[in-house]
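Protein chains in written order, with this note's numbering: chain A, 163 to 602; chain B, -3 to 309.
Among the hints, erroneous ones may be present.
Just so you have them, the derived chain A footprint on chain B, three or more residues with Cβ under 8 Å [unchecked claim]:
| # | region |
| --- | --- |
| 1 | 47 to 61 |
| 2 | 272 to 278 |
Using 30 Å as the maximum straight-line C-alpha spacing, the simulated BS3-like pairs for lysine-lysine come out as follows [claimed, not checked]:
| # | chain 1 | residue 1 | chain 2 | residue 2 |
| --- | --- | --- | --- | --- |
| 3 | B | Lys217 | A | Lys588 |
| 4 | A | Lys588 | A | Lys197 |
| 5 | B | Lys60 | A | Lys596 |
| 6 | A | Lys485 | B | Lys217 |
Hints are computed from structural coordinates only; laboratory data are not their basis.
Quantities reported herein were computed from a predicted structural model and do not represent experimental measurements.
Backbone N, C-alpha and C fix where the C-beta goes; we use that ideal spot for every residue, glycine too.
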Amino acid sequence: MLKKINFMFLILMLLATACSGGQATESSSSGSTAKIDADGHITIEFWYALGGDTGKVVEEMVKQFNESQSEITVNATYQGDYASAMAKVWSAVSAGGLPSVAQIGGAPLLGSTGAVAPITEFLNGSDGIDQNAIRQVFWDYNSAGGVLWTMPFNLSIPVMYYNRDLFTAAGLDPTQPPQTWDELIEMAGKLTVDTNNNGEIDQWGVNTSTDTHYYLSAMFLSNGVQIVSDDESEVLYNNAEAVEMLTLWGNLVNEYKVMPPNQHEEAKSDFLAGKLGILMASSSNVPSMEANASFEVGVAQMPAVNDKPRVFPVGGASLLIFKDESPEIQNAAWTFVKFMTSKESSIYLSTHTGYLPIYTDAAEWPEFVSYIQEHPNRGAPIEGLNNAVAIPEFPALGTSDSSLRRAVASVELNSATPQEALAEAKRAVDATIKEQGTNE
Amino acid sequence: MNDSQTTLIKTNPFQSGWWRRWGEETFAAYAFLLPSILVFIIFTFFPVIFSIVASFLKWNLPYKASFTGVENYTSLINGPVTSPIFWQSVGNTFYFMLGIPINMILALFIAISLNRRLPGVAIFRTAFFLPTITSMAAVSVVWMWLYHPADYGLFNSLLIELGVPVQRWLRDPALAMPCLILMGVWHGMGYNIVIFLAGLQAIPRELYEVAEIDGAGTLAKFIYVTWPQLSPTTFYILVIGVINSLQAFTEIDVMTQGGPLNVTTTLAYYLYQEAFQYFRIGMGSSVAVILFILLLALTLLQFRGLESKVYYE
């Protein structure tokens, strides 16, 4: 416990160095970690935020890059999950020691620090690439304040996982997952069972992972709710359409009783233990779910709201290049980013992890056609990309996400009505936007 | 030659009283202390001062810091958005401290039970100390399974055996904090038992023999010999317990993330949320300063109010 607090002070201290150095954010090259040898060989640092098996895939890709040419060496370092990596980048933005390239979530927001070299400059430069080859939604996801800052890398959408064995046991067709929320409620009812007849439900119909705001956002978008206003001055989820979705969510718990109240922390392990019929989670989990489940896993798109088209918010992380005074280092960083997001790398990443290919026509590439034939569960998320949108990256997005999670918990635990919960969320987020806006 | 030597000795400042008192040896002492003083200044003293300075800044990353005076403090105390959660976290912090007396009573009871020469007593001492040396993060993950809200959670299956309705433990706003306290007591008790045992073994046997000659029973011996003799130990455990409890973080971060509905958001966790989730460094620093003042006040209060009742030999 003590260590953790000391660690926080340490971070604050790191930030302090910047304060004394004045506006260190303006001259980011002062803390450059890249090196150019006498013979012109360039060594750059790369920070990434994917651990476990996915992290190993990233390391392998870096190794492939280093072996593919002899002018540039990339040193890759794991920096913890997105939140830890973000904290380290913030410290380095102020105190120096930034890498040349980083893989990080919420990256476009770093644009306003002045430390990021906008990717759009490289895309449009002499060594650029054809932007139309990559899906527009990913470019949107990497823009903030109208500027395209970062390069799409590992991306996902929310999807629905279902236990085919439990479907069969409940008399449902294991090849026909629910298409609408009404169908889901009906099927989840059949999947909610007291298996040992002790008066307590021990197999639930439906649940979501801990990032409840992500699935609620998908429902909002599918019901025509815009998350934030175009000028990013307020959030727009205290209207009838949003209340309708949060009411539906609350009803799953308190009216139809097919979802356990406030049990998202346990949802993934419950699903893998065969105690949950349907789980909403990120599409990046497909390989790990298939590897860890002892039953037949099915993957489908999240249900639609009646006959309205489905809309899914894109999640995941990006590659960004930090500014450096030396054009050689900047170009080396871009060469590396270009390699990591090339067609071949995209195929490698998407077939070795659960992340989605960034290229528009990837689903038609022969490599993918045969891959999806062998791994049919990867098909639904890739198809879902056609309905994906990017929620704008505004500075109060973190507060918005946590306020929505809080709203979900209040409704599930009956401590607020959906109207009250969303009004409260909007009040908190709008106040944060107002406060932050005056600090520029 | 002799003359000049005497003058030299007389005028040599290194031979004067000041140098003998403050020179050589003191210098050597500071030289030896230098590494730890440097570590202390760089990693403790400077960050503390810095976070006090930062608490007067409006510093929302990615924007630059600007001076706002006491605005962070006023918005914590009565701002429309931040104050409800701030005051709730102050309340939660005190609620969480309920674990201290429970822990102390149980630890004292177990320490007295273990303080005898019985075969196998070493095994029990080890068993009670084991949780304390286990990492809090690992303990938290395991206890999440014990506290699982469905009927296949370990505690719930026990309740079913007893015919009691199953509980939602950490996921129930009314039970989440008691659950954390219970686990904290289990985890921290071993340390207190060891300290109490050391205290018990330092009590001279003669005192008990005298008490027995005077006809004192078990209870009388505890009230008139053990308790007063143990008071320095008890006082130490109380002070350390309050400090540890105010800084509790790991179990909250792993098990509840401050939820459900903020009922387990203590000041230390709120500090983390402000500074490292929302990146409001100034606001987070203000919470840190308030936490520091609270800790200082509570410790002073304990020394002023209780130390007079502590019996030192």
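- Task: Quickly compare the C-alpha distance for Lys588 (chain A) and Lys197 (chain A) to 30 Å and report which way the hint goes.
- Result: The hint is violated at about 47 Å.
- Query: According to a criterion of three or more residues whose C-beta lies within less than 8 Å of a C-beta of chain A, is the region 272 to 278 of chain B covered?
  - Reply: Held - the region 272 to 278 of chain B has 5 residues with a Cβ nearer than 8 Å to chain A, which meets the minimum of three.
- the region 47 to 61 of chain B covered by chain A? Criterion: 3 or more residues, Cβ-Cβ distance below 8 Å. Satisfied; 9 residues make the cut.
- Does the structure keep Lys485 (chain A) and Lys217 (chain B) at a Cα separation of 30 Å or less? This hinted pair is violated, its Cα atoms lying about 74 Å apart.
- Item | Restraint check for Lys217 (chain B) with Lys588 (chain A), where alpha carbons must lie at most 30 Å apart | violated (63 Å)
- Message: What's the verdict on Lys60 (chain B) and Lys596 (chain A), does the C-alpha distance respect the 30 Å limit or exceed it?
- Response: holds (16 Å)
Hint compliance for this structure: hints 3, 4, 6 are not met, and every other hint is.
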